Amino acid sequence: MGKNTVKLLDVVALTVDLPEYNLYRGQVGTVVELLAGGAAFEVEFSDRSGRTYESVSLHPEQIIVLHFEPVSPDYEL
Numbered sequence: 001m002g003k004n005t006v007k008l009l010d011v012v013a014l015t016v017d018l019p020e021y022n023l024y025r026g027q028v029g030t031v032v033e034l035l036a037g038g039a040a041f042e043v044e045f046s047d048r049s050g051r052t053y054e055s056v057s058l059h060p061e062q063i064i065v066l067h068f069e070p071v072s073p074d075y076e077l
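First residue of the sequence shown? That's 1 in our numbering, and the numbers climb one at a time after it.
Hints in this document: simulated from the structure, not taken from any laboratory.
Note that the structure is predicted; figures quoted are calculated from it, not measured.
Errors might be hidden in some of the hints.
Stated by the list, open to error - Simulated restraints on C-beta separations:
no.: 1; residue 1: 20; residue 2: 74; range: 16 to 26 Å
no.: 2; residue 1: 8; residue 2: 70; range: 34 to 44 Å
no.: 3; residue 1: 74; residue 2: 19; range: 35 to 45 Å
no.: 4; residue 1: 53; residue 2: 9; range: 13 to 23 Å
no.: 5; residue 1: 9; residue 2: 47; range: 16 to 26 Å
no.: 6; residue 1: 67; residue 2: 33; range: 13 to 23 Å
no.: 7; residue 1: 20; residue 2: 72; range: 35 to 45 Å
no.: 8; residue 1: 46; residue 2: 20; range: 32 to 42 Å
no.: 9; residue 1: 66; residue 2: 17; range: 15 to 25 Å
no.: 10; residue 1: 70; residue 2: 27; range: 19 to 29 Å
We put the beta carbon where it would ideally sit given N, CA and C, even for glycine.
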């Protein structure tokens, strides 16, 4: 994954639809656990009140890390 290593508590968005969990591309969650040495991640999805409505194990290709500050031009996505 290069420099785009997913870390604990990163805010991520889905890049795929997961209709079996009622989750769809673009929904935002938080990484709450690193699994299999960083090969997978437990991502928690919460509503605006902070109540978790789903927690799913995901692979790196199913998510993208969201950035709230500028990143350097050499940052690998």
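Hint check results:
Evaluation of the 16 to 26 Å hint for residue 20 and residue 74 yields a failure: the beta carbon distance comes to about 38 Å. At about 22 Å, the beta-carbon gap between residue 8 and residue 70 misses the expected band of 34 to 44 Å. Distance hint check: the CB atoms of residue 74 and residue 19 are about 37 Å apart, consistent with the given range 35 to 45 Å. Hint check: residue 53 to residue 9, Cβ distance near 19 Å, so the stated range 13 to 23 Å holds.
Distance hint check: the CB atoms of residue 9 and residue 47 are about 18 Å apart, consistent with the given range 16 to 26 Å. For the pair residue 67 and residue 33, the beta carbons lie near 21 Å from each other, so the given range of 13 to 23 Å is met. Range check, residue 20 to residue 72: Cβ separation about 37 Å, and the 35 to 45 Å hint holds. For residue 46 paired with residue 20, a C-beta distance near 19 Å fails the hint of 32 to 42 Å.
Separation of residue 66 from residue 17 is about 18 Å and conforms to the stated range, judged on CB atoms against 15 to 25 Å. For residue 70 paired with residue 27, a C-beta distance near 24 Å keeps the hint of 19 to 29 Å intact.
Hint compliance for this structure: hints 1, 2, 8 are broken, all remaining hints hold.
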